[in-house]
Amino acid sequence: MNCDRARQQITDSLAARALALPADVAAHWNSCVACQDFYQSQQKLFCSLDAGLRTTANAPVPPWLIPAVHLRIQDTVPRRAWIHTWLPAGAAAVALLCAVAVPMLHRAERRTASAHARSSDYPGNVPLPAGEIQAAVRSNPPAAPRVAPVVRVRRVGPRVRPTSADMEVMVDKGEARGLDHLVDSIRQKPALGRGFFQAAALPPDEMKPVPLIEIAELRVAPLAEAQ
Amino acid sequence: MQELVLNPPGRALEGDEIRQAAETDVRREFELRLVECGPLAFRIAHGVLRNAADAEDIAQEALLRAYRKFDRLRDPRRFRAWLVRITFRLALDRWRSAKRREQREAAWSISELRPTPATAEEMAVSNEFQERLARAMEQLPGKFRLVLLLSAMEGYTTEEVSGMLGIPVGTVKSRLFFARKQLAEKLQ
Numbered sequence: 724m725n726c727d728r729a730r731q732q733i734t735d736s737l738a739a740r741a742l743a744l745p746a747d748v749a750a751h752w753n754s755c756v757a758c759q760d761f762y763q764s765q766q767k768l769f770c771s772l773d774a775g776l777r778t779t780a781n782a783p784v785p786p787w788l789i790p791a792v793h794l795r796i797q798d799t800v801p802r803r804a805w806i807h808t809w810l811p812a813g814a815a816a817v818a819l820l821c822a823v824a825v826p827m828l829h830r831a832e833r834r835t836a837s838a839h840a841r842s843s844d845y846p847g848n849v850p851l852p853a854g855e856i857q858a859a860v861r862s863n864p865p866a867a868p869r870v871a872p873v874v875r876v877r878r879v880g881p882r883v884r885p886t887s888a889d890m891e892v893m894v895d896k897g898e899a900r901g902l903d904h905l906v907d908s909i910r911q912k913p914a915l916g917r918g919f920f921q922a923a924a925l926p927p928d929e930m931k932p933v934p935l936i937e938i939a940e941l942r943v944a945p946l947a948e949a950q
Numbered sequence: 232m233q234e235l236v237l238n239p240p241g242r243a244l245e246g247d248e249i250r251q252a253a254e255t256d257v258r259r260e261f262e263l264r265l266v267e268c269g270p271l272a273f274r275i276a277h278g279v280l281r282n283a284a285d286a287e288d289i290a291q292e293a294l295l296r297a298y299r300k301f302d303r304l305r306d307p308r309r310f311r312a313w314l315v316r317i318t319f320r321l322a323l324d325r326w327r328s329a330k331r332r333e334q335r336e337a338a339w340s341i342s343e344l345r346p347t348p349a350t351a352e353e354m355a356v357s358n359e360f361q362e363r364l365a366r367a368m369e370q371l372p373g374k375f376r377l378v379l380l381l382s383a384m385e386g387y388t389t390e391e392v393s394g395m396l397g398i399p400v401g402t403v404k405s406r407l408f409f410a411r412k413q414l415a416e417k418l419q
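Chains as they are written, first to last, in this note's numbering: chain A, 724 to 950; chain B, 232 to 419.
Pulled out of the complex, with its shape left as it was, chain A reads as follows (with noise of 0.2 Å):
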């Protein structure tokens, strides 16, 4: 055995705190005057850093460590049972506020968004000149309005179920504005809007006449017959 791995067994043997060296490398140390010195260096080493942890590990407890444990618990269970008391209190009273402030919120918001829609999305009530509008109407009668695709949106608040008062169409933005801008027209002057109301004369439907087929092969004959 060389003095490399005695020393390494030696080191192995003191960090495991053996109670003797395995019997190679005390054959090799009982030989070898500089294993020994290392021997003991290591010893001397382990000695103090087992003394070195002892004094980390049990160093002296304050006496007023418990005490002051035993304080701070008391200040502890007061608030403890306060917050036991009033906790379901305040739950129940953030509860209620928030299933009668959230749908008002709602509410509130539709109306902003609906009256921001009407009054500042075109340059005010500017009447057009009634001739054109009855041009404009008699050439191009409006269609259905084009309803945008309709997305699920996650609900918030309670459903609300609108009334046909205040239903909503989503359309484009400026369809929505040409729309408002007819129905202004129509409340100025009503007779613009009866229009839309008779009967479009339409130009009556002309039936062609259509030439009948004939093939000379084909023999018509009651079901019967043919069977």
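Simulated from the structure, these hints should not be mistaken for lab results.
Backbone N, C-alpha and C fix where the C-beta goes; we use that ideal spot for every residue, glycine too.
Any given hint could turn out to be false.
[What the hints assert, rightly or not] Among chain B residues calculated to face chain A with C-beta under 10 Å, some are: (1) 247; (2) 249; (3) 269; (4) 325; (5) 326; (6) 365; (7) 380; (8) 381; (9) 385; (10) 404; (11) 412.
[Said to hold, decoys possible] Listed next, with one range per pair, are the computed distances between beta-carbon atoms: (12) A:728 <-> B:300: 50 to 58 Å; (13) A:828 <-> B:266: 28 to 36 Å; (14) B:327 <-> A:798: 37 to 45 Å.
The hints should help you fit chain B onto chain A, whose structure is shown.
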């Protein structure tokens, strides 16, 4: 068949009183364990932090946390192991944050504070050795540090350390071996 239970005469206990009685029981049981395990918490914290004031702070915090969650502890016999883990984790957190702060504030001075190497004999009698030992321990993995500390505490055998940490005795011994070996290598 339905069982009928007769209430004893007198006023029945209200919900609050039952809860208060239960809290009192929990508190009494905790206080017994506090006296038993409080010093252990302090020593673990001191072993990690090497500062009595910080260690006391951490020990108090760990004991308070243990108190707050004591009623949720399913097996009260595991209290000591539980407290050891809480304290060690808190102490390590404190040590890491202190280390970060120290590095941030005075990185340049750390190398100057590093002690000069000396022989083992000289070091053993001086505080310098303690300082070097502490620095070497800081470089060990947490599981090695905890086993070293608990094994070095008076009154705890390897079997008790194994029970406290919930690991086999062989694992405690192997951790102890590697920790001691690494420490010796660092202190050479």
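Quick one: which hint numbers does this structure break? Sort them smallest to largest.
2, 4, 5, 13, 14
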